[in-house]
Amino acid sequence: MNMEVHNWGLHVDHVNVGTVSASSVFLVGDNESFTLSSFYDTPPEAAAIGSIVPLSG
Amino acid sequence: MQQRTSSVHNIKLNGLTYSSIVNIGDATYARTNAKGIAVQKEGAVFSGDDDVQFEDYSLFDRNANVPAQKSPVQKRTHQHEETIHVGDINVTGVSQASIFQVGSIHEVTGEARIKHFRQYLHGSIHTNQADS
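From first to last, the protein sequence lines are chains A and B. Residue 37 in UniProt numbering sits at position 37 of the first sequence, with consecutive numbering throughout. Residue 114 in UniProt numbering sits at position 114 of the second sequence, with consecutive numbering throughout.
Wrong hints could be hidden among the right ones.
Derived CB-CB ranges, DEER-like [claimed, not checked]:
(1) L10(A) to G43(B): 47 to 55 Å
(2) I11(B) to M3(A): 25 to 33 Å
(3) G43(B) to V12(A): 43 to 51 Å
None of these hints come from the bench; they were simulated from the model. Note that CB positions come from ideal geometry on N, CA and C, so glycine has one too.
Use the sequences and the hints to build the structure in full.
Shown next, in the form of C-alpha cells:
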C-alpha cells in the first residue's frame with residue numbers, strides 16, 4: 001500500500017497541555033514510528049479493602 | 001523523509017518525572033520505561049506491612065501487545081515548508097515514560113505500567129489483589 005503525504009505550512013499560536021503521561025508523546029516535529037504501550041490498573045476495580053498482602057502465588 | 005525544523009517561541013513546563021524526557025533538538029531513537037505502584041490509604045499511616053512488590057502482580061510481567069511487524073504502508077512525505085512554527089507551549093507535567101520533544105525523532109519505543117491501590121479503614125469486602 002502506498003501513501004503520499006503533503007505537509008503544507010504549519011503555524012500554531014498556542015498549545016496548552018495538562019499532562020503527558022503513561023508512555024505518551026507530545027512532539028513538535030517529524031517522526032517515522034512510535035511503539036508505545038501502557039498498562040494501567042486503578043480503583044475502584046483495584047480497590048484493596050483490608051490487607052493487600054498477597055495470599056497466593 | 002526530509003525532516004522539518006521546529007521553531008517554538010516559548011515553553012513553560014512545570015513538572016518532569018518518572019523516566020520521562022524533554023528534548024529540544026533532533027534525535028534518532030528514544031526508549032523509555034517506567035513502572036509504579038501507588039498505594040493510597042485511608043488515614044495515610046504507612047508501615048512495613050504496606051510493602052508491595054512488582055513481582056506479586058502480573059501487570060508487571062505480562063507481555064505488552066506491541067505490533068509484531070512494521071506497517072507495510074509505503075509512505076512518501078513532501079515537506080512544502082521547512083519549518084513548523086509554534087508560538088507558546090504550556091505543559092503542566094510530563095510523567096511516566098513520556099516524551100515532550102521540540103524537533104524530529106525517527107523512532108520512539110515506550111512502556112509504562114502503573115497499578116493503583118486504595119485501602120480503607122473499614123470495609124465489608126476482603127479481597128486479595130495479588131494475581132500472580
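Each hint, compared with the structure:
no. : hint                         : in the structure
1   : L10(A) to G43(B): 47 to 55 Å : holds (51 Å)
2   : I11(B) to M3(A): 25 to 33 Å  : holds (32 Å)
3   : G43(B) to V12(A): 43 to 51 Å : holds (47 Å)
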